[in-house]
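Protein chains: 2
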Amino acid sequence: MDMNVPTRTLDFDHAKFPPLRNTLLLDSVQGRPLSRFPVWAMRQAGRYLEEFKASREGVPFFDFCHMPEKCCEVTLQPIRRFDFDASIIFSDIIVLPQVMGMEVELLPKVGPSFTTPLETEADLDGLVTELGDSLDKVYDAIFLTRHRLNGVVPLIGFTGGPWTLATYMIEGSSPGKCTKTKQWVFQRPDAFRRLIDMLAELIATHLANQITAGAQLVQVFESNLGELASEEFEEFILPALLRIAESVKQKHPSVPTAIFPRGCHFCFEALAKSKFDVISVDWTHQLKDVRARVGEQVTLQGNLEPCALYGPDELIRARTEKMLAQAGSTRHIANLGWGMLPDHDPEKLQVFVEAVHAFEIK
Amino acid sequence: MDMNVPTRTLDFDHAKFPPLRNTLLLDSVQGRPLSRFPVWAMRQAGRYLEEFKASREGVPFFDFCHMPEKCCEVTLQPIRRFDFDASIIFSDIIVLPQVMGMEVELLPKVGPSFTTPLETEADLDGLVTELGDSLDKVYDAIFLTRHRLNGVVPLIGFTGGPWTLATYMIEGSSPGKCTKTKQWVFQRPDAFRRLIDMLAELIATHLANQITAGAQLVQVFESNLGELASEEFEEFILPALLRIAESVKQKHPSVPTAIFPRGCHFCFEALAKSKFDVISVDWTHQLKDVRARVGEQVTLQGNLEPCALYGPDELIRARTEKMLAQAGSTRHIANLGWGMLPDHDPEKLQVFVEAVHAFEIK
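Protein chains in written order, with numbering that gives the first Met the number 0: chain A, 0 to 361; chain B, 0 to 361.
No lab work stands behind these hints: they were computed from the structure.
Source: prediction; values computed, not measured.
It is possible that some hints are incorrect.
What the hints assert, rightly or not - Restraint ranges, calculated between C-beta atoms of paired labels, are given here:
#1 B/R193 to A/A324: 25 to 33 Å
#2 B/D342 to A/V109: 18 to 26 Å
#3 A/E68 to B/E320: 32 to 40 Å
#4 B/S133 to A/A121: 36 to 44 Å
#5 B/E313 to A/G125: 25 to 33 Å
#6 B/S172 to A/E234: 32 to 40 Å
Unchecked claim - The list that follows gives simulated cross-link-like pairs (lysine to aspartate or glutamate, DMTMM-like), each with its CA atoms no further than 25 Å apart:
#7 A/K347 to B/E230
#8 A/K176 to B/E129
#9 A/K179 to B/E230
#10 A/K321 to B/E230
#11 A/K176 to B/E346
#12 B/K321 to A/E268
Said to hold, decoys possible - Negatives, chain B to chain A, calculated, CB over 10 Å:
#13 V4
#14 M66
#15 E230
In this text, a Cβ means the ideal position worked out from N, Cα and C, and glycines have one as well.
Kindly generate the complete structure, drawing on both the sequences and the hints.
Take a look at the structure:
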């Protein structure tokens, strides 16, 4: 570690981190007046950046996630390139299932894949339900990055949500229609609830630990929610999400929390009543419609169609302006509606960032 | 062909088909009073039925779609088993891209896959844009099935929608995030519009031909719409869908048309103003919410979560009752919110059908 970076401890005083010099993100969440909207991009540390691919080269993906210097480096790369108002720690949602004892391999053309997906309730008995020190390197990465950022922008931590992690653990890889997971839901609801409860507790702990290590906002990625009917969302997943938000808020009342319920078009009202401070909106929604449904107390984040970055600069600017014209004057964080893609051109992301900067809040 | 089945001609008088004895489906679309809701199931002819697998065995899938006797047989199988109020011709959305000259293979674990997906605008020049007699066997299957059904229930024809077909033709197989298709949308909008226009014209012709051959309702399956932002839906796809509905209605004013816009939560108002008579609703919606958005003139179809059929009988009954309690007194067709799955148990579908039958319209 750096000579300039102190040692991470569980009672490290956050006041000792370098003072935050860009408060746009936190101002927006607090509903304070903004000179302009804060902006960052989901998966801003990713394969669309040459320097990211260079850093990743030769290191197995899941080792990489436990190498603080490397995670810090790729987290900082987009901050050096773009005038972002937030960084997000490089990690992966898969680290939690790994801690629980599930073995992952990276299959070509398939992506992360569990060698032995969950099949029966008995498989739950073998899962580890305590984090112990298994994610210490992730927290070291956050601690180190918070120092290295030197207050230029705040640092975001994250995790997968309980439904999203459960679908990966049961389907084995890319979840698609989630039909195996739904067999649990409809045939073994008690076992499924047990799995969700296990995940929710680990998720809440992992988020709180990330905050202790230095994260200044934490986000839950529920990227597969679009497969769920409202009945099952309300019965199994919403209560878990509410508990996660409450648990984190109880431990860290001053740190904002965000939820990305991708594809779940019916959940906004319920999530607006939760302890989540920020709802990240996918690209299929018009912000004004979502705002009308959630009221004024929650912060919205998003939601440019990521593939609009394939388009010409004028289109990116026009779409960004259209989006921000619906965003009110505060409690909005400009972002994409989902993550950057490997074949995106960084120049196009720059056009988006500049369009957000140029937008005048009325 | 049957001795009892006359020869299909392009001016065959539909009055010569056996008279329809179950008018529930058409009554519902006309908004007439119903003794009970009509019911059928998307992909009711499918691998969940042993007799279907037996019929399919040893015949290459894409040959099968052009074998009228076999298509008729598997169309009739679910009608023999269940007390359905409609049959739907066995075919595949892939037949249209095949007619256009695209070669398809069935890959294990991947499904239908185009050997040479569309890559550049020049690839459009090579596409066939006239149906000619290439789908005559599909129409023969409809004509034959309409006779064999002998008026027991009406016969539905179908096709894929322009977006869904375009995504398969560009992505090559299971479209996922549709990122290659969106590169066309954002980088080559004129070429993409040209492709959509070609598809829309073929789709409209194919639907009209199915009606001429005997189909009593036709449905457009737009199963991948959930990936589209409203801007691109409104610019590229909605106009094509409106034209399709108008074209079919102009040729066959008395035959109802249906659209299944899966995943597209924002399109109901626009589609309710179209010439489509029926909107098929996916399982993520509550029917009362959709009804409030579309008014009283359009018929809704759906929308039980297909995976609820994994559950116990009581759950299937309760969910079906909850669904139908939101369905008003007419202009509703009970169905699943998407298709039957290969690992579904036919007994559970029976529970659903009986629950619809048992439901008393107030």
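Hint check:
no.: 1; hint: B/R193 to A/A324: 25 to 33 Å; result: 32 Å, holds
no.: 2; hint: B/D342 to A/V109: 18 to 26 Å; result: 21 Å, holds
no.: 3; hint: A/E68 to B/E320: 32 to 40 Å; result: 59 Å, violated
no.: 4; hint: B/S133 to A/A121: 36 to 44 Å; result: 54 Å, violated
no.: 5; hint: B/E313 to A/G125: 25 to 33 Å; result: 32 Å, holds
no.: 6; hint: B/S172 to A/E234: 32 to 40 Å; result: 34 Å, holds
no.: 7; hint: A/K347 to B/E230; result: 19 Å, holds
no.: 8; hint: A/K176 to B/E129; result: 35 Å, violated
no.: 9; hint: A/K179 to B/E230; result: 34 Å, violated
no.: 10; hint: A/K321 to B/E230; result: 11 Å, holds
no.: 11; hint: A/K176 to B/E346; result: 22 Å, holds
no.: 12; hint: B/K321 to A/E268; result: 21 Å, holds
no.: 13; hint: V4; result: 38 Å, holds
no.: 14; hint: M66; result: 29 Å, holds
no.: 15; hint: E230; result: 7 Å, violated
Of the hints listed earlier, those the structure fails to meet are numbers 3, 4, 8, 9 and 15, in rising order.
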